[in-house]
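Asks: Fit chain B to the given chain A structure using the hints.
If you read the sequences in order, they're chains A and B.
For the first sequence, position 86 (counting from the first letter as 1) is numbered 86 according to our numbering, and the numbering increases by one without interruption.
Take any residue in the second sequence, note its place counting from 1, add 196, and you have its number in our numbering.
If you're looking for bench data, these hints aren't it; they were derived computationally from the structure.
Treat the numbers as computed from the prediction; the structure is a model and nothing was measured.
A couple of the hints might just be wrong.
Stated by the list, open to error - Subject to a maximum C-alpha distance of 30 Å in a straight line, what follows is the list of computed DSS-like cross-link-like pairs (lysine-lysine): (1) 489(B) <-> 531(B); (2) 625(B) <-> 53(A); (3) 53(A) <-> 569(B); (4) 569(B) <-> 45(A); (5) 53(A) <-> 619(B); (6) 163(A) <-> 501(B); (7) 501(B) <-> 45(A); (8) 501(B) <-> 489(B); (9) 45(A) <-> 259(B); (10) 44(A) <-> 625(B); (11) 619(B) <-> 144(A); (12) 501(B) <-> 53(A); (13) 626(B) <-> 44(A); (14) 353(B) <-> 569(B); (15) 45(A) <-> 445(B); (16) 44(A) <-> 420(B); (17) 619(B) <-> 44(A); (18) 45(A) <-> 353(B); (19) 53(A) <-> 353(B); (20) 353(B) <-> 44(A); (21) 619(B) <-> 163(A); (22) 619(B) <-> 148(A).
As the list claims (entries may be wrong) - Facing chain A, according to a computed beta carbon distance under 7 Å, are these residues of chain B, among others: (23) 420; (24) 464; (25) 602.
The beta-carbon is built from N, C-alpha and C at its ideal position, and this holds for glycine as well.
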Amino acid sequence: MEKQLIISVGREYGSGGHEIAEKLSGHYGIQLFDHNLLDEIAAKKNLNMEHLKGLDERRKNPLSSRTVRGYSSSPEENLLYLQFDFLRDKADSGESFVIVGRCSETILKQYDSLISIFVLGDRDKKIERIMRLYQLTESQAVRKIREKDMKRRRYHNSFCDRKWGDSRNYDISLNSSKLGIDGTVELLTDYIDRRR
Amino acid sequence: MLAQVFAVIIFIAMFVFIVTEIVERHVVSLVCALLTMIFVFGIGMHSMEAVIETINLKSIFAKEFWYLSGETSGSSAGINWETILFIFGMMVMVEGMARVGFFRWLCMRIARLVNYQVIPLFITFMVLSTVLAMFIDSITVILFLAAVTIELSQLLKFNPVPMILSEIFCANLGGSATMCGDPPNIIIGTSLGYSFTDFVTNTGVIAGVCLIAVLVYFYLIFRKELRAGASKSVDYGSLPSPESTITDKKGFAVSCVIFAVAIVLLVTHAQTGLTVSTIGCIVAIATLVTSWKYAILLLRKVDYKTLLFFIGLFVVIGGLEQTGILEVMAAFIGKISGGNVMVMIAIIIWLSAVASAFVDNIPFATTMIPIIKSLSAAYGVDLSMLAWTLAMGTDIGGSATPIGASANVVGIATASREGYVIKWGHYCKKMMPATVMVVLISMLLIYFRYL
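Same shape as in the complex, but just chain A (with noise of 0.2 Å):
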């Protein structure tokens, strides 16, 4: 039986992280969880989820939401929970994956298997990928970074003890922008390939 294989990727807003997981999971040959994470509960719970999809990745909002004995009424974070419960089932059945934020490298630490993943990039060339995909001028590019990154930083810093993007946290954190999307992915599977 092959090694279990789990890759984590933690990514600023434009610097292509999820495509570098996408081309890991393919390189691989192993399943990507992302924005699917939530289609792949529903489907192995047999419920809808469509109607929270907007929560994914938020943090709770402290005002409307209260715990007790460890146990939350907030539905991002419940979701967030489900979601951890469904990454360590995963972990624990041995199956490779990759997955794309998510607090995945704090949740997932415990495992000999995971070889967790920062993304970053210079701000300019961020700007000018996020223009580019999106249609978007300059500024509003700027702005879409910003808020992003915001959120992502927030929903991350609220779960875990460790900041999002700092380095200690991550086996690997590299900015995507000195060798582009390819030349990473090739970096990090000479790294992953050399880990294993």
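Replies: Coordinates of chain B only, in the frame set by chain A:
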């Protein structure tokens, strides 16, 4: 004046920190208690006497703390050790019952009694939730009931959310029926000197009438949803037998006896003279002695954070009380109502309900107790009537929103962890009308019976 300013600032800060959950609520209340000691009693009042009175340790050594030979009088201001000790004792007993599988057995037993039919299950689980919450904290009731509901829903193929929402509401309603059902009631009872029987014959009767309305309401709004998915062909063999849920048969029998003794002691405590602190100690010691092998485990499971939260809270409220702020608030309510008892009751019940829907009902009820005492003294209104009004408002109001009561949070979290994430909109749409209906019925019953 300085002491009053300090007391109000500390009180508001405590509420803000509790609501925002930046730090855990027991830490908030203990830090605020310390600040009250320093700034309100020390710098503001220069009164060591106020500190000693608020810490209230001497009450534990008084005979009345353990045994009342005559008329009940209620405890003095400050930390209500009677409440702390009683809740501790009940927590130990409940942990003992949970360990042997009592709650799961009870749920499964009832499910079998109604032949696993969804609608009868829905009705009986609501009643079960109400009855259990009369004696046991609503968190434990919902923790077990929601878990069993989800388990049964997966086997019987129905949506568990309607059932869980109804159980949450009924747990809060059941809590209002007795002195030990909900923390505000324990605090009201011990602070004002009311017995278990006083509660049952007053709030209990109101809760009983409201239960009928609630059963009808939830049946009408949920019947289609529950029937929609329910499977007609269920393999009953795949359902766990009630007996299989018992983890320790001898311990189970002992737990049942201790629970029965606790109920008898509570029901008769006005006659026997045993205070709730004594009853708390008896059930805790009985549980620990009979389950001595698991005594450490049971003691570890006690929710000390809640007990510490209570201690800090009593000190902060003591600060408000000692500085006379609560009398000012009472005078304000009296002024608005113009001394009219009907308006006074309406203000207390709706204010309590609305406040409890958004903030923890325990600090709210604790704050309101001295206020209703002042109102009663100033306007000659029957204190017990105001106490029942306060109890119903705080206990029921919490059902309106997902954050209003502990049972709501636990029920929502339990359902969510299984994929049934309950959002604010959905929760409020079903529960708010029920809350308004029950508060309204309670108010009308109070008018009808006491005026």
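Asks: Against each hint, give a clear statement of whether it holds in the structure.
Replies: Results for each hint:
1. 489(B) <-> 531(B): Violated, at about 59 Å.
2. 625(B) <-> 53(A): With a Cα-Cα distance of about 21 Å, the restraint between residue 625(B) and residue 53(A) holds, given a limit of 30 Å.
3. 53(A) <-> 569(B): violated, 50 Å
4. 569(B) <-> 45(A): Violated, at roughly 53 Å.
5. 53(A) <-> 619(B): Roughly 12 Å separates the two Cα atoms, so the pair holds.
6. 163(A) <-> 501(B): holds, 28 Å
7. 501(B) <-> 45(A): Not OK: residue 501(B) and residue 45(A) at ~35 Å, beyond 30 Å, violated.
8. 501(B) <-> 489(B): Given pair residue 501(B), residue 489(B) holds - Cα atoms ~24 Å apart, limit 30 Å.
9. 45(A) <-> 259(B): violated, 58 Å
10. 44(A) <-> 625(B): holds, 28 Å
11. 619(B) <-> 144(A): holds, 27 Å
12. 501(B) <-> 53(A): violated, 35 Å
13. 626(B) <-> 44(A): Satisfied, since the Cα-Cα distance of roughly 28 Å is no more than 30 Å.
14. 353(B) <-> 569(B): violated, 52 Å
15. 45(A) <-> 445(B): violated, 34 Å
16. 44(A) <-> 420(B): Holds - the C-alpha atoms of residue 420(B) and residue 44(A) are around 25 Å apart, at most 30 Å.
17. 619(B) <-> 44(A): Between residue 619(B) and residue 44(A) the Cα gap is close to 21 Å, so the pair holds against 30 Å.
18. 45(A) <-> 353(B): Within the cut-off at roughly 12 Å; holds.
19. 53(A) <-> 353(B): holds, 24 Å
20. 353(B) <-> 44(A): Cα-Cα ~15 Å, so holds.
21. 619(B) <-> 163(A): OK: residue 619(B) and residue 163(A) at ~28 Å, within 30 Å.
22. 619(B) <-> 148(A): Cα-Cα ~23 Å, so holds.
23. 420: violated, 17 Å
24. 464: violated, 31 Å
25. 602: Result: holds, 4 Å to nearest chain A Cβ.
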